[in-house]
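Chemist: Going down the list, the sequences are from chains D and L.
Residues 1 to 380, numbered by this note's numbering, are exactly what the first sequence covers, in order.
Residues 1 to 276, numbered by this note's numbering, are exactly what the second sequence covers, in order.
These are computed hints drawn from the structure, not numbers from a lab.
Where hints are given, some of them may not hold.
Mimicking DSBU-like on lysine-lysine, the simulated pairs with C-alpha atoms at most 35 Å apart in a straight line are [said to hold, decoys possible]:
1) Lys115/D x Lys9/D
2) Lys107/D x Lys186/L
3) Lys78/D x Lys186/L
4) Lys108/D x Lys186/L
5) Lys102/L x Lys186/L
6) Lys115/D x Lys186/L
7) Lys181/D x Lys186/L
8) Lys303/D x Lys339/D
9) Lys107/D x Lys181/D
10) Lys78/D x Lys181/D
11) Lys181/D x Lys108/D
12) Lys186/L x Lys9/D
13) Lys9/D x Lys108/D
14) Lys171/D x Lys115/D
15) Lys78/D x Lys107/D
16) Lys9/D x Lys181/D
17) Lys78/D x Lys102/L
18) Lys171/D x Lys339/D
19) Lys115/D x Lys181/D
20) Lys9/D x Lys78/D
Pair ranges (Cβ atoms, derived) [claimed, not checked]:
21) Phe110/L x Asp27/D: 48 to 56 Å
22) Trp185/L x Phe20/D: 33 to 41 Å
23) Met249/L x Phe20/D: 55 to 63 Å
Backbone N, C-alpha and C fix where the C-beta goes; we use that ideal spot for every residue, glycine too.
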Amino acid sequence: MDVGDPVVKLENVRKQYGSFIAVHQADFAIGRGEFFAMLGPSGCGKTTTLKMIAGFEQPTAGQVFLEGEDVSHTPPHKRNVNTVFQQYALFPHMSVFDNVAFGPRSKKLPEAEVKSRVGEMLDVVRLGEFAQRRPAQLSGGQQQRVALARALVNYPSALLLDEPLAALDLKLREAMQIELKRIQREVGITFVFVTHDQGEALTMSDRIAVMSEGRVEQVGAPVDIYARPETLFVAGFIGSANLLPGTIVSSDGGGTRVLLLDGTEVIVAAGNSASSAALSQGNQVTVMLRPEQVVLGGEGAMKVFVTDTVFQGSSVRVVGRTSNDTEVSAIVPAGTSVKAPSAGETVSMHWHASAPYVLEGWPETAGSTSTNVDSIEAAL
Amino acid sequence: MRRALDTKQKVGRWAINGVAGAAMAYLFAPVFVIVLFSFNNPEGKFNIVWSGFTLKNWANPFSHPELTDALVVSLQVAFFSTLIATLLGTCIALALSRYRFKGSGAVNLFLVLPLTSPEVVLGSSLATLFIARGVSFGIVTVIIAHVMFQVSFVAVTLRARIRGFDWSLEQAAMDLGATPRRAFWKVTFPLILPGVLAAALLSFALSIDDFIITFFNAGSLVTFPLQIFGASRVAIPPQINVLATMLLMGSIAIMVVGLIIESRRRRLNTGSERKR
Numbered sequence: 001m002d003v004g005d006p007v008v009k010l011e012n013v014r015k016q017y018g019s020f021i022a023v024h025q026a027d028f029a030i031g032r033g034e035f036f037a038m039l040g041p042s043g044c045g046k047t048t049t050l051k052m053i054a055g056f057e058q059p060t061a062g063q064v065f066l067e068g069e070d071v072s073h074t075p076p077h078k079r080n081v082n083t084v085f086q087q088y089a090l091f092p093h094m095s096v097f098d099n100v101a102f103g104p105r106s107k108k109l110p111e112a113e114v115k116s117r118v119g120e121m122l123d124v125v126r127l128g129e130f131a132q133r134r135p136a137q138l139s140g141g142q143q144q145r146v147a148l149a150r151a152l153v154n155y156p157s158a159l160l161l162d163e164p165l166a167a168l169d170l171k172l173r174e175a176m177q178i179e180l181k182r183i184q185r186e187v188g189i190t191f192v193f194v195t196h197d198q199g200e201a202l203t204m205s206d207r208i209a210v211m212s213e214g215r216v217e218q219v220g221a222p223v224d225i226y227a228r229p230e231t232l233f234v235a236g237f238i239g240s241a242n243l244l245p246g247t248i249v250s251s252d253g254g255g256t257r258v259l260l261l262d263g264t265e266v267i268v269a270a271g272n273s274a275s276s277a278a279l280s281q282g283n284q285v286t287v288m289l290r291p292e293q294v295v296l297g298g299e300g301a302m303k304v305f306v307t308d309t310v311f312q313g314s315s316v317r318v319v320g321r322t323s324n325d326t327e328v329s330a331i332v333p334a335g336t337s338v339k340a341p342s343a344g345e346t347v348s349m350h351w352h353a354s355a356p357y358v359l360e361g362w363p364e365t366a367g368s369t370s371t372n373v374d375s376i377e378a379a380l
Numbered sequence: 001m002r003r004a005l006d007t008k009q010k011v012g013r014w015a016i017n018g019v020a021g022a023a024m025a026y027l028f029a030p031v032f033v034i035v036l037f038s039f040n041n042p043e044g045k046f047n048i049v050w051s052g053f054t055l056k057n058w059a060n061p062f063s064h065p066e067l068t069d070a071l072v073v074s075l076q077v078a079f080f081s082t083l084i085a086t087l088l089g090t091c092i093a094l095a096l097s098r099y100r101f102k103g104s105g106a107v108n109l110f111l112v113l114p115l116t117s118p119e120v121v122l123g124s125s126l127a128t129l130f131i132a133r134g135v136s137f138g139i140v141t142v143i144i145a146h147v148m149f150q151v152s153f154v155a156v157t158l159r160a161r162i163r164g165f166d167w168s169l170e171q172a173a174m175d176l177g178a179t180p181r182r183a184f185w186k187v188t189f190p191l192i193l194p195g196v197l198a199a200a201l202l203s204f205a206l207s208i209d210d211f212i213i214t215f216f217n218a219g220s221l222v223t224f225p226l227q228i229f230g231a232s233r234v235a236i237p238p239q240i241n242v243l244a245t246m247l248l249m250g251s252i253a254i255m256v257v258g259l260i261i262e263s264r265r266r267r268l269n270t271g272s273e274r275k276r
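Pulled out of the complex, with its shape left as it was, chain L reads as follows (with noise of 0.2 Å):
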């Protein structure tokens, strides 16, 4: 009985394994492909077949000033929009959470449609909007774009940091003399200062990804994945690999450095485990 009960969890585990395996390698093999091929020595304008290795990619990563233009648009893009979307999130957030207010339930409901309305219809409805408006498309555009979604983003997740907040550490600074500004720069922002930057952090990568609503409102520029997308059909540059290999690496090291930042904080925060 026992050792047929073993076997049953052998068995289990096993495929458990195997399942968390098959599931990481379906997400990180595209990954792997796009670092693995901007080290590809491509016959022809088409990075897509492996023909042998090379580092001469790496070593002229901005021989394309069409695709290093774009990713500079792409930076400033992201940027801009999400120091714009996180003050505006962050104040969301704080909102929220603290007051009950009238309208507050709307504000809600607000905040979600844009996570799960499809981009087509965000992306099109603005631009029927800026068109309206007498609007010319351009950066400013494509910020307000992003801004428009990436707040929505940075207030759900941020909310969800600072739920279980102790306000009456507000209160207590208040209660020794500080006036209400000094309490929340000298009490309430640094203690939700972690959650703040991994909002801006995800709302930054989302930025720099975005597709289809940057597509209806960008006019003529050109932001990197519209440069990608609009020079697939005549060539594909091993460039591109590596370029986005650099972004994918840059944001990697940011979170590496937030991960360590915050638990370094949270060891000094809440002590080790104090028996009672």
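One chain only, chain D, in its complex shape (with noise of 0.2 Å):
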């Protein structure tokens, strides 16, 4: 994907430790003002990827942009950008304000505009009052502040973000999320933030970038990444999803025949495909259809045996297996006419025309139960 005016641009960066590979090979551009989330199980190399950006690592192979400008093996101390550390890295030492105060200090601003400055970004940070306290003295989510207005005071090119939330419990954190986005419109700095946390990652951000084993998946908008993931594991990973997997049996104009391992046939609207998967005949595919895409009850090809079902508040998940026992969910609205089935009980399950979603390959647990394996190739 282009973006028109990018402060961070990564080129086939590579990182390398010993025989290990932590990042393979990274390749996109971070818009200016972007709300940019690097998202990705741990040991998935996205905090590699900040670290290089940071310049706290250098890159095997490959180069990283910062402003138009080849930064790869610049210091730390060189790069007009800023870190909020996971744990916060404050200096306990110094008050509030001697913190936020470190940056403008150490690039020999006058003390006069140090001192504006600072005040300045305490107010946007809402921390004015404790100016004069010890981090200690303060709450983890005031903490988390200091954290912030330290690195913008120093208005860097790109603020970067080692998963900032993850110290704080639920309420705070989701308080945070909101304040972090305010704060983010109201300096317009570009924020680079790295989660393993998909609900934060979705709600906060303008665009994502997936990785998984040092590799990125998919870079996109939440949206995109929700509804038209490019492989399995993006599939699997953002939100909850139910993979089937299944044979293509025909493809044209009108869309993909594709024949489920469980005996289901499912049509896949033409369009609704990764667009890295092959769409020819007798090729392995997964069919994508999230759980509040579908429908219980009532006459529907596919049978599903409800193993369980859970309570969330305004919904209700129903967990069950298709008759290949292959796990599958779906969503029902709680309080409606609807009636969710109880556990034990076999129901039908269907979906709008549009809904099926079409990926290449199988997940990796698909395709154990050879019987069923044998039985599709005997139909085709």
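Starting from two chains that each stand alone, build the complex the way the hints lay out.
Modeler: Now the structure itself:
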């Protein structure tokens, strides 16, 4: 995807520790004023990538550009980016004011300007009255905001945040999500945000880079990543998804017909496929159906044996198995006339014609029931 | 049953207090005697029998110039050796706790050696080295000898103190545009300073106090312990006790000030215990 005015740009960046490849080939750009998330499970290379942007790590190969300038081997104190560390790394022996003033003073700004800048930034994070306190005298959320102010006061090209909300409890985390968005709008600085929490990434970011095992799986807007995942990993990692393995029976302008392992035939509307998926007959593919897209009850081709129902307040999550033991789930709104089935029942599952989406390949767990594969083979 | 247990506990508590008290007495009785005998009015040259209270020793603490001179020499030696040893030891402790480098295991081993080898061995082998190299004994050789064992004490105690230091603070400083030098002086150094001072204090005391290693390397130089040892066969003036008591009070004063500063800092830096 092209970004008009990239602030940060990674070109084929690779990071290797001995024989271990932490980042394979990161290649994306982050635009001015964007709220950009790097999302993935722990060990996927997102923090290493962030450190290469900050300058704490240097790429083994490839280049990092900042405002168009190659900074791949520039030390951190000469890069105009600032980091909010996971544990904040506030200086315990300095007051809040001196913490925030550390950056401007390092750049030898006149003390009068330091004072006005720090005051202004403490107001942005709403900590004006705490200027003379020590970090240890503040709550976790307040410390977090000091860390933000300390970084933002330097007007960096990009602000890097390493799992900034991980240390906070749930309520505070939700409040800080909103607070972070507000601060970002107010200062207009590019935020690059590392998280393993997909909910956080979806609600806060303009764009997300989903990473897994050192590879960037997909870069895109939350809506696209959720609705049109490029890979099975993205489909499974973002939100919850029913991933139903099958084989293509036929494909033409009208859509693609897929025979699932449990014997159900699904018609996928034209265009509802990952761009990488090859839709020729006989190919192994996976049909994705989001739980909120499926409806239980009535007459439908797919039979689901309900194993569990989980009340979630506004909705009920129904978990079940298809006849070939693929786990599926459905969201049934609570408090409506539609009654959720109970465990032990066998119900039909159906969906709107536009819902199915097809991806290349099978999930790792699929195909273990070889008898089903044989029966499909026979059916073809 | 319950009563029996209570009695048992009582006896146990009594025993613990008794043993602890005895241990304290064992540790502090000699110190107490030294302070007490600085007020003694001895008959003859040996201040070893209590023969009446007087303040005249305290009125003339410097009446034995050879004692006073020796004390001044000891203070000079301790000052310079502590300065050098603290500087070197701090660098070693920082390097060892911060980096894993080739040979860091060997450095670790060599650090512990001076702490575990007998002083007679250290002192005599160093003296042999000086003689073989044709170095004449004096204040310089004594300072070198003291630095040799002080470095180990400084490095080992400081390394224990800065274990668990959050090095991401230094990263944060550099991230904010500080050069590595500024990051060290503004962030790391102020945070490890209490540990450095404590280590320096310890090594200062060790230097003032050292006899064996000094004895081998002093030549004609006379430090306070050497003077007392040499004079003790002909005279033990109460001024020894007076000067020793002064030293004792000096180090207690430094320790108390250190503790006060430390606890104030800690209160500020860690805050009151906060409930999450």
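Chemist: Mind listing which of the numbered hints don't hold for this structure, in increasing order?
Modeler: none
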